[in-house]
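Residue numbers (the numbering used here): 736 to 929.
FYI, nobody ran anything at the bench for these hints, they're computed from the structure. Take these hints with a grain of salt, some might be off.
Listed below are the simulated BS3-like cross-link pairs for lysine-lysine, each with C-alpha atoms no more than 25 Å apart in a straight line [claimed, not checked]:
1. K775 x K796
2. K793 x K781
3. K781 x K796
4. K741 x K775
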Amino acid sequence: MTAVTKKLTFTEYLQYRDGTDTQYELVDGELIPMSLGTGKHGGIAKFLERTFDDESTKMGKNWTAQKFAVGIRSPRGGRWETSRIPDVVVLPTEQWEALFNREAIIELNEPPPILVVEVVSESTQTTDYRSKRSEYAVLGIPEYWIVDPIQGIVTVCTLVEGFYDAIAFPNQERLISPTFPNLDLTAAQILAGR
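Just need the whole structure built from these sequences, with the hints factored in.
Here it is, written out as structure tokens:
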């Protein structure tokens, strides 16, 4: 006998509460619990959030980086009942402030974020490298970083004609980011979270 789980609509997802602190992504109408991740995972995300904020200020851009705070409605399998919560999102401050009085989810009819980051864990490897990469490209997100402490690399994906070109940066190699061209960071610094 197999248990059948009812698929949720996007509206039901926004209203879903189970009485716990668990955050969920919605994938093809199904709730996918997000683990807290390791301290290292959180440290990397916090480091990048601060770094992106500092770099935005240096560049004179009115952008903000947000860690685990912004959802992105996403296409998947021809359906739109998917919402992702990236580890770090960079978006215009005006767009962030527009989310203050509603669910902090960027809808399909809104401009995509400027940059998103996913920090890979054992349970998210396939999703981060494959599913999210495809979904974020379809959404037109200009830059997607895959920070992989398991393999010891940071992959910067840049959107070119609807697809991501990816460059993997190992160890002491300085990252190249079209969004933050003056960023002076190596993969090792990011993976250390400092």
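Can you name, in rising order, the numbers of the hints this structure does not satisfy? When the structure is compared with the hints, numbers 1 and 4 turn out to be violated.
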